[in-house]
Amino acid sequence: MLQIDNLHAFYGKSHVLHGVHFHVGAGEIVALLGRNGSGRSTTAKAIMGLVDAEGDIRFKGERITGLKPFEVAHRGIGYVPESRDIFPKLTVHQNLQLGVKGSGKGARWSFDDMYAMFPRLRERRHTEAGVLSGGEQQMLTLCRTLMGDPDLIIIDEPTEGLAPKIVEQVADYLRALKAKGISVLLIEQKLTIALEISDRALVMGHGSIVFDGTPAELKANPYVRREWLEVG
Amino acid sequence: MEFVIVSLLNGVSYGLLLFMLSSGLTLIFSMMGVLNFAHASFYMLGAYVAYALSGIVGFWVALLLAPLLVGLAGALFEKTSLRKVHPFGHVPELLITFGLSYVVLELVQLVWGRSAVSFTPPAALQGPAFTLIHTAQDTMAFAWGQAPAEVCAQAACTPFPATRAFMMLVAVGMLVTLWLLITRTRVGLIIQAALTHPQMVEALGHNVPRVFMLVFGIGTGLAGLAGVIGGVTFVTEPAMAAALGAIVFAVVVIGGLGSLPGAFLASLLIGVIQTFAVSIDHSIGSLLTRIGVPLGEALASKDFLRLTLSQVAPVLPYLFLVLILIFRPKGLLGTRDH
Amino acid sequence: MNATPSTEAPVLELRNVWKRFGKTEIIRGANLAVRGGERVAVIGPNGAGKSTLFNLISGRFAPSSGEIWLNGQRIDGKKPYQINRMGLSRSFQITNIFPKLSVFENLRCSVLWSLGYRYTFIRFLADLDDANERAEALLDRIGLHKKRDTLAMNLTYAEQRALEIGITIAGGASVILLDEPTAGMSKSETRRFIELIREVTEGKTLLTVEHDMGVVFGLADRIAVVVYGEVIAFDTPEAVRANPRVQEAYLGSVLAQQQAAEVAH
Amino acid sequence: QSARQAARQQAAAAANAPLAGQTVKIAWIDPLSGLMAPVGSNQVRSFQFFAEKFSGPNPYNPAGVKWEVVPFDNKLSPAESLTALQSAIDQGIRYITQGNGSSVAGALIEAVARHNARNPGKEVIFLNHSAVDPDFTNSKCNYWHFRFDADTSMKMEALTTFMKDQPDIKKVYLLNQNYSHGHQVAKYAKELLARKRPDVEIVGEDLHPLAQVRDFAPYIAKIKASGADAVITGNWGSDLALLVKAAMEGGYTGKFYTYYAGVTGTPTALGTQAEGRVYQVSYNHYNMGGDMQKWQDEFKKRFNADFYTGSVIHIFRSLSEAMAKAKSTDPVQVAKVLEGLKFTSYNGEVEMRRTDHQLQQPLYLTRWQKADAKFPYRVENTEMTFALVREFPAYIASTPTSCNMQRPG
Amino acid sequence: MTRAYYTFTPYNVGRWIIWTAFALVLLLAPQVFTSNLAVSMLSQMGIAIIACLAYNILLGQGGMLSFGHAVYSGLGSYFAIHTLLKVAQGELAVPVSLIPLVGGLAGLFFAFLFGYVTTRKAGTAFAMITLGVGELVFALSLMFSDFFGGEAGITADRVVGEPFFGITFGPTVQVYYLIAVYTFVCVAAMYAFTRTPLGRILNAVRDNPERVEFIGYNTQIVRYLAFMVSGFFAGIAGGLGAILFEIVTAEVVGPLRSGAYLLFTFLGGATFFFGPIIGGILMVLALVFLSELTKAWLLYLGLVFMFMVMYAPGGIASLIMMNLRVAAFGRLRELWVSYLALGITGVVALLGAGALIEMVYHLQLNAAIGPHVEYLGARLDSSRAESWVGAVFVMLTGVGLFELARRHFRAHWNEIQADIEKEIKRREMMA
Ligand SMILES: Nc1ncnc2c1ncn2[C@@H]1O[C@H](COP(=O)(O)OP(=O)(O)OP(=O)(O)O)[C@@H](O)[C@H]1O
Ligand SMILES: Nc1ncnc2c1ncn2[C@@H]1O[C@H](COP(=O)(O)OP(=O)(O)OP(=O)(O)O)[C@@H](O)[C@H]1O
Ligand SMILES: CC(C)C[C@H](N)C(=O)O
Ligand SMILES: [Mg+2]
Ligand SMILES: [Mg+2]
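Chains A, B, C, D and E, in that order, are what the protein sequence lines are.
The first sequence begins at 1 in our numbering and counts up by one.
The second sequence begins at 1 in our numbering and counts up by one.
The third sequence begins at 1 in our numbering and counts up by one.
The fourth sequence begins at 1 in our numbering and counts up by one.
The fifth sequence begins at 1 in our numbering and counts up by one.
Since the hints were made in silico from the structure, they are not lab data.
Even for Gly, the Cβ is constructed at its ideal location relative to N, Cα and C.
Incorrect hints may have been included.
One-sided excerpt, in silico: chain B residues whose CB lies under 10 Å from chain E [said to hold, decoys possible]:
id: 1; residue: Leu105
id: 2; residue: Thr139
id: 3; residue: Ala143
When the alpha-carbon atoms are kept at most 27 Å apart in a straight line, the in silico DSSO-like pairs for lysine-lysine are as follows [stated by the list, open to error]:
id: 4; chain 1: D; residue 1: Lys66; chain 2: D; residue 2: Lys25
id: 5; chain 1: B; residue 1: Lys330; chain 2: A; residue 2: Lys68
id: 6; chain 1: E; residue 1: Lys425; chain 2: C; residue 2: Lys78
Here are the in silico distance ranges between beta carbons for each label pair [unchecked claim]:
id: 7; chain 1: A; residue 1: Asp112; chain 2: E; residue 2: Glu403; range: 51 to 57 Å
id: 8; chain 1: E; residue 1: Leu27; chain 2: A; residue 2: Ser83; range: 51 to 57 Å
id: 9; chain 1: D; residue 1: Gln22; chain 2: E; residue 2: Ser383; range: 27 to 33 Å
id: 10; chain 1: A; residue 1: Gly19; chain 2: E; residue 2: Arg333; range: 29 to 35 Å
id: 11; chain 1: D; residue 1: Thr382; chain 2: B; residue 2: Phe3; range: 55 to 61 Å
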């Protein structure tokens with residue numbers, strides 16, 4: 001599905017990613033772990049073409065390095081940023097509308113599916129998104145991306161600021177995505193969930209992948225956990 | 001009696017011209033957040049281009065072509081210049097249009113000279129659209145086109161120029177089309193979203209740059225259209241941009257930034273108020289004397305007491321602008337408090 | 001400035017506070033009495049009204065009805081800066097700093113008022129030794145002295161969060177409100193952060209919104225549970241964890257339990 | 001044969017051209033950008049045209065000097081003009097000319113006076129070609145300032161003299177730009193009408209901001225409502241063009257008595273509708289015949305524009321006359337001779353009145369109408385022209401002055 | 001960039017050098033440029049510098065975009081000139097040298113008056129109110145001729161009162177030195193302002209007004225105070241203008257003047273304190289000098305702006321600072337070749353373009369005077385094809401080469417920047 005080789009990314013002049021390698025298979029949930037500042041979000045942005053990147057990014061076999069974000073999106077990649085970029089002046093519903101690409105026909109998801117998933121959003125559908133609570137905003141970004149009907153979805157810290165209950169909900173519905181055959185690249189802090197739902201775990205440190213294996217392997221690897229995740 | 005009617009018509013038609021300009025500005029302003037100082041320049045450009053074209057292809061074709069060309073020019077400017085500075089924020093955007101207004105002015109003068117050109121309306125638009133006849137026995141009559149001379153011989157005839165009637169027509173058409181564009185299409189949403197989070201909108205699969213270009217093109221195109229009509233109705237000269245530039249800003253703000261209906265309302269209000277203000281010769285002084293406050297010679301000669309409403313009429317818009325922003329910063333129909 | 005931890009008279013008190021936006025009621029008769037010097041964690045489902053509550057207390061919004069008391073003075077309807085001057089300071093859920101100022105300047109700006117410099121323009125900042133010292137001290141406390149002269153906007157997310165806290169405590173307020181201070185931080189970062197918060201709020205009254213039960217139970221003396229704009233429970237961690245209503249409204253989940261457990265070791 | 005005559009004249013002129021070979025620079029300080037750019041660029045051409053034409057010994061240049069015009073764009077701004085004056089002086093230029101905007105003229109008069117006082121031996125003369133505020137030759141009159149246009153009061157004098165015998169004028173409306181020029185026009189119109197036609201009623205008076213008004217329809221409506229059958233206006237540029245245009249469209253049938261209907265741009269805008277309804281009073285007109293006609297045609301051929309600032313010719317000729325008499329190009333000497341100088345120009349005998357340095361000259365009232373055999377000159381290539389209606393000898397147009405001229409030591 | 005807000009250490013050698021140098025420049029300028037025009041232009045520059053710096057207190061430091069700042073400098077001018085008249089009539093006894101302060105107080109007063117309403121809002125609302133106020137005051141200034149003297153303005157003679165040590169302020173040079181003194185003092189004062197608590201909080205308000213409210217400050221008051229400070233200095237500039245020109249006309253409060261402040265402050269560089277100084281100098285050069293050099297000055301002005309905004313949005317100051325940064329890391333040396341190349345090719349391109357523009361203008365404006373165009377001493381014949389072809393050729397070659405040079409430069413520049421970033425990171429690590 002997604003195949004990344006020797007990816008380098010830059011913020012202006014500062015070199016953040018130093019040759020990242022990994023792949024995400026079809027219908028697979030891959031967790032991308034790491035400390036703050038290790039470069040996970042940058043990886044996501046690089047894939048979306050939001051930061052200048054060098055190297056080889058292939059999606060469905062096609063090279064997408066250097067494409068414009070909207071082109072990448074149209075190839076079928078959805079992106080949920082960490083800084084919940086909801087559109088504050090638009091209503092919840094309008095936000096969702098903007099998620100829809102082109103005519104939006106034949107999409108896997110409808111507005112109702114979204115509202116069904118998070119009833120809270122239905123309640124607030126006509127309020128300006130800017131005033132939503134942190135958590136609600138998080139939900140909104142997720143749904144908005146789904147409306148674009150992606151085949152691969154990159155989610156940057158989806159559970160941040162969500163109440164534990166909702167967090168589990170999110171976990172469930174990531175599984176639901178998987179069930180619908182959508183691949184997920186999950187950037188997470190909360191190991192507990194990440195390891196629980198993901199098929200594979202990547203650990204990132206100082207701008208490159210330092211571990212690639214199953215959750216089980218990671219659990220069994222205290223060195224990586226201590227060195228790169230700082231958890232006992 | 002006919003004085004009131006005519007003044008009303010004049011006011012409304014002038015207001016509608018203002019609207020033709022402010023609509024484009026509102027579009028660009030509300031959607032792109034760009035204070036387009038060159039807007040009036042595009043208005044002027046429209047007039048001149050149409051003037052040049054009408055010599056070749058005739059007025060009516062020019063009426064269609066000129067706005068298109070101006071719109072293209074606008075889009076081109078957006079693509080080549082404005083887009084580059086968009087990331088730097090609003091002040092640079094504003095300044096680059098500022099610079100553009102100089103350049104356009106100079107180019108126009110280079111091509112068409114520094115004095116007015118005679119851009120006359122086509123036969124169809126010459127002469128009055130209708131005439132109000134105020135007969136001797138104090139009854140009002142109404143006649144399409146020019147009223148027969150013999151009638152006007154023993155009655156007061158007040159023709160209403162066809163150009164102005166046409167202007168009103170176009171303006172209303174413009175309002176409708178714009179309204180549809182903004183409400184019925186998703187373009188509006190995309191742009192407003194892109195204002196705050198352009199990257200995110202792109203990441204959702206929308207080609208933001210192209211949409212921006214489109215909007216700017218349309219906005220300037222509208223200015224161009226207004227120019228064609230303003231050009232034939234008034235004078236086509238290099239000063240025509242400067243004269244309207246600031247007023248239009250006043251209109252847009254008074255109406256409420258980003259509110260098309262607001263711009264419409266404000267344009268009409270200003271048009272009408274300005275027109276009627278002209279006809280009022282009262283000054284603070286005259287009012288004071290009217291209500292019996294005795295004014296000494298010295299006082300009466302103070303010019304802020306002598307200043308009549310008709311004299312200040314042309315600057316009323318700025319007065320409203322300030323008052324509105326103080327008492328209702330949203331503007332008349334505005335939604336956001338900038 | 002520092003409030004001496006008193007046991008009885010509440011430092012901060014909400015009396016039947018309501019907040020409506022349009023016709024939607026967000027806060028529905030919230031009551032809360034916080035004693036001086038205690039650390040209170042505010043928890044509750046998303047959209048329950050925690051941040052709104054903070055916004056009301058800190059003067060960002062005026063309550064639709066009800067009273068808010070700070071150190072025996074009514075503050076509801078007062079402007080943020082007035083409330084701040086009365087010794088209450090808050091941080092934001094979405095990072096809210098001065099992006100184009102250096103880290104140091106961010107902090108120095110935040111100490112100025114409390115040191116009584118107000119709108120002075122007849123003295124040089126450089127000569128205000130107390131202000132500079134306090135700012136430097138803060139730099140070290142929040143562990144950003146390396147980034148002293150970096151523009152705030154170039155900091156990493158975590159660093160920005162730290163600065164956020166720094167700005168909040170700079171004024172030496174006696175009551176401090178933190179809205180999800182550790183959001184988006186990795187375990188390790190979070191740990192370090194709780195420590196930080198502990199020490200910088202030493203002897204002060206602290207209210208903090210948190211979703212990470214680890215943090216909550218690790219930090220709080222008492223926990224206030226907000227659900228649908230009401231404070232349905234306000235008690236010690238143990239009591240709250242026991243409380244059945246809280247169980248079903250919020251905690252009743254594996255994750256929460258795990259997190260809570262994690263603080264143990 | 002007449003050609004030989006001309007040749008002989010040339011020779012004669014050359015023979016007694018005392019200053020042949022010397023170059024006299026005139027700094028032209030007027031707008032080439034902004035509101036008045038059209039007028040300005042027309043006028044700078046006029047100066048350059050005649051500088052070229054009159055240079056060297058010829059009947060119009062008894063002194064035989066070579067003229068050179070150095071243009072400065074003052075953007076219609078007094079402050080800018082003063083800077084321009086500075087650099088002109090730095091370049092050793094001793095004669096300056098200006099005319100657009102009484103504000104600039106006022107500033108220059110003072111500045112020149114000050115300069116001459118502060119820098120004896122470096123005196124500068126200000127030749128005013130079109131700034132028409134009467135004060136300049138009355139309350140504000142100054143020895144170093146010479147005006148070659150006819151001021152507002154003189155033109156109004158002529159205008160009202162004409163109106164005196166127009167019985168059909170009963171109600172007059174005054175519409176002017178809200179700045180000193182406009183104020184003056186209104187003031188003198190009221191004053192002189194009251195004297196010459198007490199029966200005429202002033203049914204309305206309006207002042208509108210300079211170059212702000214786009215839409216004159218409201219004013220026309222007002223004028224119609226007032227029942228005025230004549231409008232007196234000092235407006236120029238688009239303020240006049242738009243006014244007349246609006247009048248035609250608004251079905252106003254009265255007449256317009258103007259100062260500047262002939263100035264660049266306006267005639268084009270007047271168009272055919274305004275036929276017979278617009279009058280202009282000026283010290284020259286488009287169908288004067290003689291040399292003037294030749295020059296006008298030549299000017300048009302070269303620049304495809306009309307020559308209307310006739311004072312340019314006065315300026316060159318009177319300067320040359322004065323220099324010839326003074327046998328010097330030094331402003332101090334020239335000024336002595338220039339005041340009180342008499343000579344025959346295209347509009348007959350003219351005199352630079354000694355008491356106030358206001359050129360006394362005949363004035364003409366012309367009417368906008370179709371060009372014909374009698375009045376052939378087609379203004380701005382329309383088929384229209386300004387046809388002579390009446391000529392006023394200098395003594396009629398002349399107005400008294402309150403100036404008591406301070407002459408340097 | 002960080003350096004822009006470095007802490008102020010009063011006794012720091014570099015700063016002393018800079019300020020003495022500044023003083024010397026002010027002192028010696030008229031010895032170098034002696035002609036009347038030059039001196040008068042230098043004086044205008046001094047005034048423009050004060051005005052632009054004052055304006056930048058709003059734009060650069062407060063993030064307040066004003067379209068009507070000429071109102072305050074202008075009213076300053078009017079009050080100054082009226083005072084001058086009163087002094088002349090012996091009704092007041094203010095030494096001429098202090099009259100600029102009168103202007104300053106006037107500016108302060110009106111900033112106090114109008115500022116109250118304008119600064120209630122920030123952002124676009126603020127910009128629009130200032131636009132409105134500006135247009136209003138301008139329009140009214142033409143209507144209230146009692147005070148404003150209509151479009152003829154108010155004139156006065158600055159040579160009044162007792163000569164003070166033989167200083168009459170008659171000769172322009174004397175006025176220049178008066179202005180120079182004021183310039184130095186005002187610049188110093190405004191620099192100091194940026195170093196005070198209010199000045200810094202003003203920056204904070206620019207960056208994030210909401211947060212400022214939560215650290216105890218009332219943003220409205222901050223803006224208001226800043227506005228008044230700015231108005232005061234603007235007024236001083238106005239007062240000096242009145243003395244220099246001895247005439248004040250409506251244009252001084254006009255929108256064009258306000259626009260000029262905005263444009264040139266930005267061009268100079270609003271993000272650095274000294275940017276507006278450059279801006280002020282450019283302002284005089286552009287408006288006075290350029291318009292005397294060529295008829296196409298407005299076109300040049302417009303184009304320059306568009307390019308500057310596009311390629312150097314930080315203004316000239318930012319360009320300087322970037323190079324200083326490079327220099328600070330000792331890498332500037334490597335660049336001088338590229339700069340030379342850029343310079344030469346750029347000049348060539350401009351030469352060609354300029355020649356074209358001049359000839360076009362010539363054709364449009366005064367072809368009939370004769371085909372010849374004086375262009376930088378050279379004499380172009382706009383009627384002959386050669387000169388056109390030539391000009392085009394020169395321009396194209398210039399542009400082409402410039403582009404090459406630019407690419408090379410870009411590459412080199414980026415590489416240097418990258419190194420510098422690394423270096424900085426390294427130092428952070430070590431720190
Ligand atoms: N806009 C930016 N400009 C410059 N450097 C940046 C920028 N954003 C991030 N960085 C740097 O890039 C590195 C990686 O940042 P990134 O956001 O990818 O980390 P992360 O793994 O997502 O951590 P976090 O948990 O904070 O999201 C960090 O060191 C940060 O300093
Ligand atoms: N200005 C406003 N207008 C309308 N509704 C608002 C406004 N501000 C907040 N709300 C609504 O009030 C509810 C509570 O918001 P709040 O931010 O307080 O939730 P919260 O408890 O902080 O949730 P979270 O833990 O997710 O941040 C939300 O549903 C939000 O949509
Ligand atoms: C030449 C005219 C059009 C201008 C007129 N002389 C004035 O004083 O403004
Ligand atoms: Mg991240
Ligand atoms: Mg919250």
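How the hints compare with the structure:
1. The beta carbon of Leu105/B comes within 7 Å of a beta carbon in chain E, closer than 10 Å, and the hint placing it at the interface holds.
2. Violation of the interface hint for Thr139/B is found here, the shortest Cβ-Cβ separation to chain E being roughly 41 Å, above the 10 Å cut-off.
3. The restraint placing Ala143/B at the interface with chain E is violated, with a minimum CB-CB distance near 40 Å, outside the 10 Å limit.
4. This hinted pair checks out: Lys66/D and Lys25/D have alpha carbons roughly 8 Å apart, not beyond 27 Å.
5. About 37 Å separates the Cα atoms of Lys330/B and Lys68/A, which puts this hinted pair outside 27 Å; it is violated.
6. The straight-line distance between the Cα atoms of Lys425/E and Lys78/C is roughly 45 Å, outside the 27 Å bound, and the hint therefore fails.
7. Separated by about 56 Å at the C-beta atoms, Asp112/A and Glu403/E satisfy the suggested range of 51 to 57 Å.
8. For Leu27/E and Ser83/A, the hinted distance range of 51 to 57 Å is satisfied, since their beta carbons lie about 54 Å from each other.
9. For Gln22/D and Ser383/E, the hinted distance range of 27 to 33 Å is satisfied, since their beta carbons lie about 30 Å from each other.
10. Distance hint for Gly19/A and Arg333/E: a CB-CB separation of about 33 Å, consistent with the stated range 29 to 35 Å.
11. Remark: the range hint 55 to 61 Å for Thr382/D to Phe3/B is contradicted by a beta-carbon distance near 33 Å.
Consistency with the previously given hints fails for numbers 2, 3, 5, 6 and 11, ordered from lowest to highest.
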